[in-house]
Amino acid sequence: MAKFNKKKSGDVPAVSTASLPDIVFMLLFFFMTVTTMKDSSLMVDNTLPNATETKKLEKKDRVIYIYVGKPTSQYQKTFGTEPKIQLNDKFADVSEIGSFILQERAKKPQELQNVLTTALKVDKYANMGLISDIKQELRKVNALKVNYTTYEGDSFQNLR
Amino acid sequence: MPRRGAPPEVNAGSMADIAFLLLIFFLVTTTIETDAGLDRMLPPIEPPETDVVIKQKNIFTVNINKNGQLLVEEELLDLKNLREAAIAFLDNGGDGTCNYCKGKKEESSSDNPTKAIISLKNDRETKYGTYITVQNEIVGAYNDLRNREAQRLYGTDFTEMEAKYLNPETASEIRDELKEKVEKIQELFPQKFSEAETTTN
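Line by line, the protein sequences give chains V and L.
Residue numbers for the first sequence follow our numbering, beginning at -6 and rising by one.
Residue numbers for the second sequence follow our numbering, beginning at 3 and rising by one.
So that you can see chain L by itself, here it is in the shape it has in the complex:
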């Protein structure tokens, strides 16, 4: 006798189990978070062709020893005060050519933010955590100053503008506009940051 009507339905009851299996597989093998960290540029290995003479007062030396103590400008300094000291150094404006600086304009400190160099030296036995804290404070000092200028000129934070500029989801016309502003601020306080090779003693 021929069968009548539609063919019997395929049982879809186990579909959920299959989908759950896939779901759990993806949950286990993947990660959600995007990494974040401190961006830095390493100096090129070939030395610059001309020897530039830099005045000692334009260099802010930071030494970290193997116990994580800081020697800043030949004086022992607590890590918590490093950001403040770096800001004071960068923002000094000693020769009066920097019209946006709000520092003390001391003779013995840096001439101009564009000339100020921070030099970081560390011991081979320094802990990486300490090194990152120091890096973080120095980047923080630059960011604080840049934020101040960005607030004055454009009414927003520099870090916010930069994050928006680097975000690939931002529309390209907004990014072009931001690029100009970001570069302008970066010019006011350029990150001049030298890392000498580590010492062994």
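Just chain V, same shape as in the assembly:
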């Protein structure tokens, strides 16, 4: 009987944490596989409008992003509050879009160069004048496939 009594006596054994790294690594790999890296930090306000008839932008390697919106508060002192265009990590002028698109297109593999989409991430409070200028520039370099990136939601909320 002494054998059994011995076990009950003494402290509760500590919970083994040896498998904790495995669990955390599992989480880590999960996040590594399902997510994509942020490629550039936003320097403009980017409240996208809502739309219901959206299509998903599959295959991120075929997309060129153009951001438009009011500069965020930390840049407003130098750049003002009028909507600006952001290409990669810097503010740009409308006239720079053409060369930017050509440059990005040249970076992609040959077989993808004809199927690229330009994703316009535009703040919903921006004016159409700027967007029309961008569209005109895109037409000049024959980047005709555009995607107006939106959030999923009731489109009539945009009017408020």
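Please keep in mind that the hints were generated in silico from the structure rather than gathered at the bench.
Even for Gly, the Cβ is constructed at its ideal location relative to N, Cα and C.
Treat the hints loosely; a few may be bogus.
[Said to hold, decoys possible] Taking lysine-lysine and the DSS-like style, the derived pairs with C-alpha atoms no more than 27 Å apart in a straight line are:
hint	chain 1	residue 1	chain 2	residue 2
1	V	K49	L	K166
2	V	K114	L	K186
3	L	K68	V	K52
4	V	K52	L	K183
5	L	K194	V	K101
6	V	K48	L	K183
7	V	K48	L	K59
8	V	K49	L	K181
9	L	K82	V	K48
10	V	K138	L	K107
11	V	K53	V	K83
12	L	K186	V	K138
13	V	K48	L	K57
14	L	K107	V	K48
15	V	K101	V	K48
16	L	K186	V	K49
17	L	K106	V	K48
18	V	K52	V	K100
19	L	K166	V	K114
20	V	K63	L	K194
21	V	K63	L	K123
22	L	K82	V	K49
23	V	K138	L	K104
24	V	K138	L	K123
25	L	K123	L	K183
26	V	K52	L	K186
27	V	K114	L	K117
28	L	K194	V	K133
29	L	K117	V	K52
30	V	K63	L	K68
31	L	K106	V	K138
32	L	K59	V	K49
[What the hints assert, rightly or not] Covered, in the sense of this in silico footprint (three residues per stretch, anywhere, with C-beta under 8 Å from a C-beta of chain V), are these stretches of chain L:
hint	stretch
33	85 to 97
34	126 to 134
[Claimed, not checked] If the Cβ cut is set under 7 Å, some of the chain V residues that face chain L in the computed set are:
hint	residue
35	L13
36	D38
37	A44
38	M121
39	T143
40	G146
Model the placement of chain L on the given structure of chain V, informed by the hints.
What follows is chain L alone, placed relative to chain V:
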């Protein structure tokens, strides 16, 4: 005195901390969601070689002014009614050659969905949000009609078929089959959508 037995174990207690650090790094620098949006094609910059004569009744003009008001076919229209008006225009089938149309067959509206053109004009000061809402309603009108035809012919929604067709995870034999159906429906209601350059007044 020589040591006996196995060498002492490496302490793995801090492994979890290292892994957590990596995990948090990835959580912060990455995004999960895939973007979605309205796909559109811009018109090529060189004008078409031959001048095509288009009857006025086959054009559905939509004007947006800087306050976000709509002028549709020379009449003020609420944005909420735009989809309905666009559907009525596209589905009209005025000359009787369209056997799947269910519209009113009015003389003054479009002849055939394949000839019907929607023309969108906007002011430079129009808000982007308003423009997207209008685009959304027009794409919605096309999708509603295409869904109706897809339901009639294949018993599924067009938008569903298209999403499945565009999804790279779908098996290629299913995609080939879908491609045919998607193209057939697109032919019935082709998106003819013209965007004139913006006006300043």
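Original post:
Hint by hint, which ones does the structure fall short of?
Top reply: Violated: hints 2, 3, 5, 7, 10, 13, 14, 17, 20, 23, 25, 27, 29, 31, 32, 33, 36, 40.
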